[in-house]
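Peer 1: Each chain, written out:
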Amino acid sequence: MNATGLEFSLNRVAAMVRRYWYLLISSWPRLLDLVYWPTVQMLMWGFLQVYVSQNSGYFANAAGVFIGAVLLWDILFRGQLGFSISFLEEMWARNLGNLMMSPLRPAEFIAALMVMSIVRLLIGMIPVTFLAIAFFGFNLWSMGLALVAFFINLILTSWAIGIFVAGLLLRNGMGAESMAWTIMFLFLPLTCVYYPVAVLPHWLQYVAWSLPPTYVFEGMRALLIDHVFRVDLMLEAFAFNVVLFGGAVFAFLKLLDSARTQGSLLQGAD
Amino acid sequence: MDVKSAPAIAVENLVKRYKTATAVDGISFQLASGTVTGLLGGNGAGKTTTIAMIIGLVTPTAGTVAVLGAQMPRQRYRVLHRMNFESPYVNMPMRLTVRQNLSVFAQLYAVPDEAARIASLAADLDLAEFLDRPAGKLSAGQKTRVSLAKSLLNKPDVLLLDEPTASLDPDTADWVRSHLERYRAETGATILLASHNMNEVERLCERVIIMKRGRVEDDDTPARLLARYSRETLEEVFLDVARGRDRQSEATR
Chain A
44 MNATGLEFSL
54 NRVAAMVRRY
64 WYLLISSWPR
74 LLDLVYWPTV
84 QMLMWGFLQV
94 YVSQNSGYFA
104 NAAGVFIGAV
114 LLWDILFRGQ
124 LGFSISFLEE
134 MWARNLGNLM
144 MSPLRPAEFI
154 AALMVMSIVR
164 LLIGMIPVTF
174 LAIAFFGFNL
184 WSMGLALVAF
194 FINLILTSWA
204 IGIFVAGLLL
214 RNGMGAESMA
224 WTIMFLFLPL
234 TCVYYPVAVL
244 PHWLQYVAWS
254 LPPTYVFEGM
264 RALLIDHVFR
274 VDLMLEAFAF
284 NVVLFGGAVF
294 AFLKLLDSAR
304 TQGSLLQGAD
Chain B
112 MDVKSAPAIA
122 VENLVKRYKT
132 ATAVDGISFQ
142 LASGTVTGLL
152 GGNGAGKTTT
162 IAMIIGLVTP
172 TAGTVAVLGA
182 QMPRQRYRVL
192 HRMNFESPYV
202 NMPMRLTVRQ
212 NLSVFAQLYA
222 VPDEAARIAS
232 LAADLDLAEF
242 LDRPAGKLSA
252 GQKTRVSLAK
262 SLLNKPDVLL
272 LDEPTASLDP
282 DTADWVRSHL
292 ERYRAETGAT
302 ILLASHNMNE
312 VERLCERVII
322 MKRGRVEDDD
332 TPARLLARYS
342 RETLEEVFLD
352 VARGRDRQSE
362 ATR
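Going down the list, the protein sequences come from chains A and B. Just so you know, the first sequence maps onto residues 44 to 313 in my numbering. Just so you know, the second sequence maps onto residues 112 to 364 in my numbering.
These are calculated hints, taken from the structure and not from any lab test. Bear in mind the structure is a predicted one, so any value in this text is a computation, not a measurement. Misleading hints may appear alongside valid ones.
[As the list claims (entries may be wrong)] Quick list of the computed label-pair ranges, beta carbon to beta carbon: (1) B:226 x A:165: 28 to 36 Å; (2) B:180 x A:282: 40 to 48 Å; (3) A:185 x B:235: 53 to 61 Å; (4) A:50 x B:174: 25 to 33 Å.
For glycine and all other residues, C-beta sits at the position ideal for the given N, C-alpha and C.
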């Protein structure tokens, strides 16, 4: 048997996905919760857009820019939350000790969390995209290839943040739980979800352009307002995402080592 | 070193220091394959930290731990599939049924024919009637048996148990001890057992390591410990060690 930490078993990833799937389907309120907030958000921003577009020539020409933004934001936010909640389930259940002394490798654990992040996201978002068509005539799916590029970049960022937060939880226990719920909100103003980067003070624009989602939201506005798909923005976002993801994995492994040194793997729920 | 004569667990000058405390302070011992050893000590003696270092959950400050020839935690993936662990400090996920929990761990450990293995353990540990009940709805004793079943899923060569019968009634506890004896006899597994139950240790263990304040205070067979301290039960020996009574003066009193 190959026994290095680098060995990767799809069977063990499947075991963890199976565990989270059992958990998800064991509670209908949790399933409902996946759809509830994205629906509320989409409706609120959709109606605001209807109102604003009736009173502003710019927004009349930028149909769907708010609804598009809120749906893409939800991919970013819910992607990270889906990753982090699955990880938190292990902390709440005090199951980390069992997992960390099993043959499960960190890379397999992370892969299972990424799969569950997509599963939870799809359960939550697909119905909402159809509601957006029904209520506001906004069809996210009509973005086609651009939507694929937006999705890949946003989900990569959400996983990178999720991996970093998981490392903090391993190292600091439940004291770091609030980070899982709130860290992504730092991205809300900085990545210019609802307004162009040009609105920011000049010095803050450098910060915004160092964050991959900024390129996605600028790309979405270019598509909806100017009807241009900016491939250059997507490639730049992807390059930043590769760096961000690599940094997050490195930080996770360092924090896991530190957790072993501090003895926090046995006291995850404390 | 001859692989057959190599100890299943070798602990050498093991130290674990945290910021303000030393949990384990330079302990050494070796456990031969196929033996059952009891790890005794009061609260804070360092038993759980020692076990955590043996399974690779905690990195030692100094010293070494080798399990089945692999250095822990650096080479842990060479042997984790041959080990398992049961402890009150970790739980099975509460909302999953017993069967779902055991299935997930069976898949993680690549147990062949997981359904048959779960059925066999359910019969051995009397879990069959609540296999499809959520783990969170079980009594403390039932949870302990499920946790024990999880620790036996992969038929481990090295089994570490932390208070395995702590919340069981005397009848069930006795039954679990019989199961552990049978398991060891059938598989030749090495078992390290941390316990406060002296009857359990006397019955199951051929060797007892007594820890106090992170150090090994004594290490011998139960019979020799009883003779050395001139006591009739291990509980009396334990109290002597815990209260710092000098064994020579006790013996000559």
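Peer 1: Checked against the structure, which of the hints given earlier come out wrong?
Peer 2: none
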